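Using the hints, position chains H and W against chain S.
Chains as they are written, first to last, in numbering that gives the first Met the number 0: chain S, 0 to 172; chain H, 0 to 652; chain W, 0 to 147.
Calculated from the structure, these hints are not laboratory results.
Only a predicted model underlies this, so the values are computations on that prediction, with no experimental measurement involved.
Please note: incorrect hints may appear among the correct ones.
[As the list claims (entries may be wrong)] Derived DEER-like restraints, expressed as beta-carbon distance ranges:
{"id": "1", "chain 1": "H", "residue 1": "Leu319", "chain 2": "S", "residue 2": "Arg101", "range": "45 to 55 Å"}
{"id": "2", "chain 1": "H", "residue 1": "Ala152", "chain 2": "S", "residue 2": "Gln100", "range": "17 to 27 Å"}
{"id": "3", "chain 1": "H", "residue 1": "Pro79", "chain 2": "W", "residue 2": "Lys45", "range": "44 to 54 Å"}
{"id": "4", "chain 1": "W", "residue 1": "Gln117", "chain 2": "H", "residue 2": "Tyr558", "range": "24 to 34 Å"}
{"id": "5", "chain 1": "W", "residue 1": "Leu11", "chain 2": "H", "residue 2": "Trp426", "range": "29 to 39 Å"}
{"id": "6", "chain 1": "S", "residue 1": "Gln85", "chain 2": "W", "residue 2": "Gly111", "range": "52 to 62 Å"}
Yeah, the Cβ is synthetic: ideal placement off N, Cα and C, and Gly gets one too.
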Amino acid sequence: MKRWIPLILFLVLVGFFAKGLFLNPREVPSPFIGKAAPDFSLPVVGDANATFSPADMKGKVWVMNVWAPWCVSCRQEHGLLMALEQSGTVPIVGLNWKDKQREAEQLLARQGDPYFAVPDDLSGKVGIDYGVTGTPETYVIDQAGIVRMKHVGPISPDIWKDKFVPKLKELGV
Amino acid sequence: MIPELGHFALIVALLLALTQAVLPLIGAQRGNLTLMSVARPAAQGQFVFAALAFGCLAYSFMVNDFTVENVARNSFSQLPEVYRLTATWGSHEGSLLLWVLILGFWTTAVSVFSRHLPDDMVARVLGVMGIISVGFLAFLLTTSNPFDRLLPAPIDGRDMNPLLQDWGMIIHPPMLYMGYVGFAVAFAFAIAALLSGRLDAAWARWSRPWTTVAWAFLTLGIALGSWWAYRELGWGGWWFWDPTENASFMPWIAGTALIHSLAVTEKRGAFKAWTVLLALTAFSLSLLGTFLVRSGVLSSVHAFATDPARGAFILGFLVLVIGGSLVLYAWRAPKMLSGGGFTWFSREALLLGNNVVLLAALGAVLLGTLYPLLIDALGMGKISVGPPYFNAVFVPLMAPALFLMGVGPLARWKEASLPDMVSRLKWALVISVATGILLPLTLDGFKPWAVFGFAMSMWILLTVLIGFRERLKNGARWSSLTRSFWGMQLAHLGMAVGVAGITVVANYQEERDVRMNIGDHTELAGYTFTFQGTTEHEGPNYRAARGTVEVGKNGKKLYELHPEKRIYNASGMPMTEASIQPALFDDIYVALGEPLDEAATIWAVRVFHKPFINWLWLGALLMVIGGFLAAADRRYRIAVKAPAPTGAAAQGA
Amino acid sequence: MKSRHKKLLVILLGLSGLGIATALILNAFQSNLVFFYSPSEVAEGKAPLDRAFRIGGLVEDGSVQRDADGLTVRFVVTDTAKSMPVVYKGILPDLFKEGKGVVAEGKMGADGLFNSSQVLAKHDENYMPPEAAHALEQAAKAQQTLAQ
Numbered sequence: 000m001k002r003w004i005p006l007i008l009f010l011v012l013v014g015f016f017a018k019g020l021f022l023n024p025r026e027v028p029s030p031f032i033g034k035a036a037p038d039f040s041l042p043v044v045g046d047a048n049a050t051f052s053p054a055d056m057k058g059k060v061w062v063m064n065v066w067a068p069w070c071v072s073c074r075q076e077h078g079l080l081m082a083l084e085q086s087g088t089v090p091i092v093g094l095n096w097k098d099k100q101r102e103a104e105q106l107l108a109r110q111g112d113p114y115f116a117v118p119d120d121l122s123g124k125v126g127i128d129y130g131v132t133g134t135p136e137t138y139v140i141d142q143a144g145i146v147r148m149k150h151v152g153p154i155s156p157d158i159w160k161d162k163f164v165p166k167l168k169e170l171g172v
Numbered sequence: 000m001i002p003e004l005g006h007f008a009l010i011v012a013l014l015l016a017l018t019q020a021v022l023p024l025i026g027a028q029r030g031n032l033t034l035m036s037v038a039r040p041a042a043q044g045q046f047v048f049a050a051l052a053f054g055c056l057a058y059s060f061m062v063n064d065f066t067v068e069n070v071a072r073n074s075f076s077q078l079p080e081v082y083r084l085t086a087t088w089g090s091h092e093g094s095l096l097l098w099v100l101i102l103g104f105w106t107t108a109v110s111v112f113s114r115h116l117p118d119d120m121v122a123r124v125l126g127v128m129g130i131i132s133v134g135f136l137a138f139l140l141t142t143s144n145p146f147d148r149l150l151p152a153p154i155d156g157r158d159m160n161p162l163l164q165d166w167g168m169i170i171h172p173p174m175l176y177m178g179y180v181g182f183a184v185a186f187a188f189a190i191a192a193l194l195s196g197r198l199d200a201a202w203a204r205w206s207r208p209w210t211t212v213a214w215a216f217l218t219l220g221i222a223l224g225s226w227w228a229y230r231e232l233g234w235g236g237w238w239f240w241d242p243t244e245n246a247s248f249m250p251w252i253a254g255t256a257l258i259h260s261l262a263v264t265e266k267r268g269a270f271k272a273w274t275v276l277l278a279l280t281a282f283s284l285s286l287l288g289t290f291l292v293r294s295g296v297l298s299s300v301h302a303f304a305t306d307p308a309r310g311a312f313i314l315g316f317l318v319l320v321i322g323g324s325l326v327l328y329a330w331r332a333p334k335m336l337s338g339g340g341f342t343w344f345s346r347e348a349l350l351l352g353n354n355v356v357l358l359a360a361l362g363a364v365l366l367g368t369l370y371p372l373l374i375d376a377l378g379m380g381k382i383s384v385g386p387p388y389f390n391a392v393f394v395p396l397m398a399p400a401l402f403l404m405g406v407g408p409l410a411r412w413k414e415a416s417l418p419d420m421v422s423r424l425k426w427a428l429v430i431s432v433a434t435g436i437l438l439p440l441t442l443d444g445f446k447p448w449a450v451f452g453f454a455m456s457m458w459i460l461l462t463v464l465i466g467f468r469e470r471l472k473n474g475a476r477w478s479s480l481t482r483s484f485w486g487m488q489l490a491h492l493g494m495a496v497g498v499a500g501i502t503v504v505a506n507y508q509e510e511r512d513v514r515m516n517i518g519d520h521t522e523l524a525g526y527t528f529t530f531q532g533t534t535e536h537e538g539p540n541y542r543a544a545r546g547t548v549e550v551g552k553n554g555k556k557l558y559e560l561h562p563e564k565r566i567y568n569a570s571g572m573p574m575t576e577a578s579i580q581p582a583l584f585d586d587i588y589v590a591l592g593e594p595l596d597e598a599a600t601i602w603a604v605r606v607f608h609k610p611f612i613n614w615l616w617l618g619a620l621l622m623v624i625g626g627f628l629a630a631a632d633r634r635y636r637i638a639v640k641a642p643a644p645t646g647a648a649a650q651g652a
Numbered sequence: 000m001k002s003r004h005k006k007l008l009v010i011l012l013g014l015s016g017l018g019i020a021t022a023l024i025l026n027a028f029q030s031n032l033v034f035f036y037s038p039s040e041v042a043e044g045k046a047p048l049d050r051a052f053r054i055g056g057l058v059e060d061g062s063v064q065r066d067a068d069g070l071t072v073r074f075v076v077t078d079t080a081k082s083m084p085v086v087y088k089g090i091l092p093d094l095f096k097e098g099k100g101v102v103a104e105g106k107m108g109a110d111g112l113f114n115s116s117q118v119l120a121k122h123d124e125n126y127m128p129p130e131a132a133h134a135l136e137q138a139a140k141a142q143q144t145l146a147q
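Only chain S is shown next, with the shape it has when bound in the complex (with noise of 0.2 Å):
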């Protein structure tokens, strides 16, 4: 009997590895979705004299990317957006966070801009309020304001396909 202890310890360590992997959700549910859009007015990149604000989409469907110039992984998705607002399907807004070396207006000139619009959250409040845990992450926000999906980390075409199209069909886009 002693000689199966060992096995026996290391099968309980790994069975509490395994809830600790996936019985987790996988990802933190937002206390958002369902909400309402917390409300913000920023600046807007590249345009001294206008202001963003969610209330100014109130009537459709969109989408609200927060990203970063200095966000590596926010490069990988770039092209996909850029083909987003070829396809014209949703606008999307791209929300700079902390942006402290003010850089977005120079890389969005040199290598394409895929937003409607670029509200600068240079304090990262904005983020905050909205539970950003880091860059990208991406809201799919509806006509009365209310965040419906939220997707953490780069998006690809296949996420895309599989999480977004669905979900915005459902929202009649």
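Relative to chain S, chains H and W alone:
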């Protein structure tokens, strides 16, 4: 092109590893020499291709190829060349590639230095190492490809974490991995022995030098890590009981128990099952350590959430390798007959006692490291287990371990006589206790832990000296002492030196935080520190405020120290770069806090007096040298030269 | 000594050793575990008054003040729902900043001030200490429930 070449080399390495894992194991089971002889060339080829892949990644880093995502994330065009090279293993992907490379190195070493081993043993050992290689290469290729491209490429990289830009960090990971992965050799030998059913003294003799060398590397790696933390983290600490540190410390404890248990198995044929279990444990903990640190699961159990494939793969691999080996162990355990009886007071019994204490310490560290993770995983809240817990458990457990360490080497195998030991050791005991009580009286403040530490350090020192004296009295000459004896003595002496260093620095260090304007001075431990303000300083990839602190003693100026507060260009990360004047008996350590006024003329400054801190690393160095010496013992080399019965077949293959 | 007795003795010695070690570990565990509370939980009186614990959240904007000695720092930690004042003497970590995540370890003073012995901020600009993130998450959830 080069990154694609690297990617391709990795795939070839995986195929070779598969060959190395499957064919020789089948061959060994069937007694087919042709299949067995595949092991060596496959292992060596795998190493060549892993090295090629590593070279390609290193090249991408050297030429700042930011189209490779790994480079873009972890390097920066202004980064000095040497750090660009070390950035190769700074990331999750790169460090796993280094792991594979080092495993290939060890495998190749085994394939070269195993001419004297029976063919089926070599085939099994290399086969098991091949399985481990397959696991890591598959993990790299499927979930963590270091050569992934990033298009469009960013203009510049995000820079290496500034904390890692230090030469202690250049060699720390390779040394640590040499240790971790070295235990794979001991593991493979144990599995091979279980498979063949040949668990004998010869098996213990084969695995001993490999295990000892791996242990020495691990010791060096841990010591370098601690030295880096001391110099680079800025706050004078040298061991934090941080989960990352524990992850390397746990295999070390298991490895220490293993090398002692292997000694008993080689000399007396006893403890076979126990030794095998320790060999499995040491490597299992190495795997666990690699994954705990590299998966990010330590900073948050949700780390896998972003990439569940990694979590599933890691867990599956751990279950396969560790679980599989434990099943094999349980299945074969009844076959392991323990030879060599001994009484409760003998060298065997003392070593067993030491092993039990070490494993209790290991259990305590494991519990403290994993408990917060488990509680978090179960959604039962957040807790932290900090240094007070580890100190409260670990230090008292070390008391019997250090005491036994003095007695063990002097006791006879099989049966020792208690009255005889008492008469040989009584003076050592008296002197140790007296030192423990008297020495703290000459220093400032009587501290109970200092009494304990000094007594233990003196005890080990004296028993080491007695060991030399008794050997010489029994007719041995200095020149006839074996390397393995020297190795043991040096390693134990290193422990004495290390314990002395820890005792002094933990009980008698002084520190002070002071607000200093230009010209202000403060006193600490007899030294005078005068602050002479800061100047702007431009580094290769950072800007720094560089302070000048004049250190003097008895009104005489000794030297100037230049602590810095740096801001790194790419990340904007601030960092404290301490300035240290090291010496054998005390370090003077100065760090800049933050400026307290707009003009940055007044600063918060932290000064430390760290007596005997370098003894710690000196002790570790002695242990490392001891380990290498013991592994170089002549009897292992004679075995190499001795013709093995099946040697001709191996040569012909 | 007979071999059966010998075996028994070894087993007894081993067991007593393990027993002592276990007792040591459990005792150390009980007295040295540091629990974590968010400012909201502290405000509800959940935190112990007699032992050290950790709090986490954001350093409130504009709350950092220094005493005349230059080394005693006062700041407010908030989880956006509740705040709590903290006092700390010593040099702050490099990445301590207003508006950033922070974790502090210490004891509750009788005056309602959290007397911190250690302030932790991790070594990565965009990294939030997990405990601080947890506190913010909890507070956000609590506010949502209140709003309904």
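Checked hints:
| no. | hint | in the structure |
| --- | --- | --- |
| 1 | Leu319(H) to Arg101(S): 45 to 55 Å | holds, 50 Å |
| 2 | Ala152(H) to Gln100(S): 17 to 27 Å | holds, 18 Å |
| 3 | Pro79(H) to Lys45(W): 44 to 54 Å | holds, 50 Å |
| 4 | Gln117(W) to Tyr558(H): 24 to 34 Å | holds, 31 Å |
| 5 | Leu11(W) to Trp426(H): 29 to 39 Å | holds, 31 Å |
| 6 | Gln85(S) to Gly111(W): 52 to 62 Å | holds, 58 Å |
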